[in-house]
Amino acid sequence: TETGGNTTEKPGTETGGNTTEKPGTETGGNSTEKPGTETGGNAEEDKKEEEGLAWPANFTIDYNSDKKCFVLTFEKESNPDEINKFLQNDIKIFVTSPENKTTEYSLGNPKQNLMRAGNIFCHNLIVEDKKSYRFNALNISRAAFEPGDNKVQIQVEGYATKEYICQVSKQQLEDGIAGLKDFGKLETSIDDDNRTGVYRVKLVSIKNLTEEQEKILENLDTLYVDDVEYHKVKVNTNQDLCQIGPPSFMLLKEGNGFSFAIGNPPKEMGSHSITIQPKDYKDIKLSYVQKEEQLVKAPEVLGLKLNPGKKYYQLSFKGDDRVSKYSYLNAIKSFMVAGQTYTRMGSFHPELLNMGAKYILDDSTNAKAFEDILLFSVPTANADKKQEILIEAEGYEVATIPLS
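All residue numbers in the sequence shown are consecutive under full-length UniProt numbering, ending with 404.
Note that these hints are calculated values from the structure, not bench results.
Mixed in with the good hints there might be a few duds.
[As the list claims (entries may be wrong)] List time: in silico PhoX-like cross-link candidates among lysine-lysine, alpha-carbon distance up to 20 Å:
1) K151 <-> K92
2) K282 <-> K297
3) K285 <-> K232
4) K282 <-> K170
5) K185 <-> K333
[Said to hold, decoys possible] Pair ranges (Cβ atoms, derived):
6) K311 <-> S205: 49 to 57 Å
7) N58 <-> P98: 34 to 42 Å
8) G176 <-> Q153: 20 to 28 Å
9) N354 <-> N330: 19 to 27 Å
10) R322 <-> A54: 54 to 62 Å
11) L203 <-> K333: 25 to 33 Å
All residues carry an ideal CB built from backbone N, CA and C; glycine is no exception.
Let's have the full structure, built from the sequences with the hints guiding it.
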């Protein structure tokens with residue numbers, strides 16, 4: 001459902017100018033905080049410190065008008081290598097608004113622009129003599145902050161939990177986005193385009209666009225699915241799109257409209273969001289409900305043959321579509337013969353089947369280039385077991401094949 005480009009302002013009063021933020025404090029305790037110092041000096045604080053290691057240095061969280069986000073930085077006297085090592089640990093960040101709503105943030109890409117990002121934080125480097133391997137700060141998006149006192153809780157694996165109070169103004173939250181225009185009403189639809197084992201694509205179609213809207217969307221480089229940043233790529237097929245490692249999408253022109261083909265979208269059932277952020281325009285927010293994936297039938301068996309030397313079996317499947325066979329075989333999660341679990345070995349090497357309960361994928365044309373058949377070693381000491389093959393593959397129904 002398309003919600004349009006309108007945004008609702010959060011309640012609050014603009015304070016303008018720079019804000020004063022309270023220093024990093026440990027969780028626990030009831031003592032009053034003083035600017036520039038950490039809370040401490042009571043039993044609860046001391047106990048909390050014992051629950052984890054001390055941080056390598058004091059920190060502050062300030063709003064950065066250039067990056068349009070909040071930035072956690074450490075004191076100048078801190079050891080850069082210690083800080084970098086510290087930030088490599090598993091980190092969780094929670095933001096609690098003045099209305100006591102707590103939101104967990106997810107780790108994003110260090111190069112990600114957080115001005116209009118969702119609940120994302122990422123590593124940052126703020127030094128004069130930059131080293132590409134080193135981080136010494138964290139950028140935190142404004143998404144969950146509201147005007148007033150916001151509590152930021154930082155959990156670093158193995159270290160004491162810290163809390164920091166940020167006094168946030170409406171001006172800071174609207175910095176860079178207050179003048180964004182409304183993109184206008186859109187006609188949208190969201191559909192699946194899946195081929196089990198080959199590709200899984202979410203198609204977002206936007207129809208009846210004006211020439212200006214078409215031009216704007218054509219220049220779009222990123223979009224977001226559940227706050228995860230997807231980048232535009234130029235490929236020819238859905239299969240190519242889904243074989244790219246990082247989250248990616250491609251743009252398809254359709255008359256006076258567009259389709260965004262999003263590769264490998266979330267599999268989890270339930271509600272998901274898609275956010276499109278055209279330059280100089282307000283966010284376009286869409287949503288869809290992911291239903292349970294329906295399993296498809298496994299390819300029909302063509303033949304099960306024992307090779308002339310009786311060293312292994314060859315399992316082949318019907319049909320001329322070798323890509324479908326390849327996809328099915330490479331989706332195998334479990335392969336069992338007569339009650340024994342087999343382990344996959346390197347493709348195109350039948351000699352590896354001499355090593356016991358093993359299977360490999362091979363090429364039916366003997367070209368050793370395309371995996372469309374399966375070879376497996378002859379089972380031993382299995383007379384008391386049910387003589388059958390069980391194959392479990394991702395996205396497919398379980399296949400049961402008689403061993404005869």
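Checklist entry - Which of the listed hints are not met by the structure? => result 2, 5 and 7
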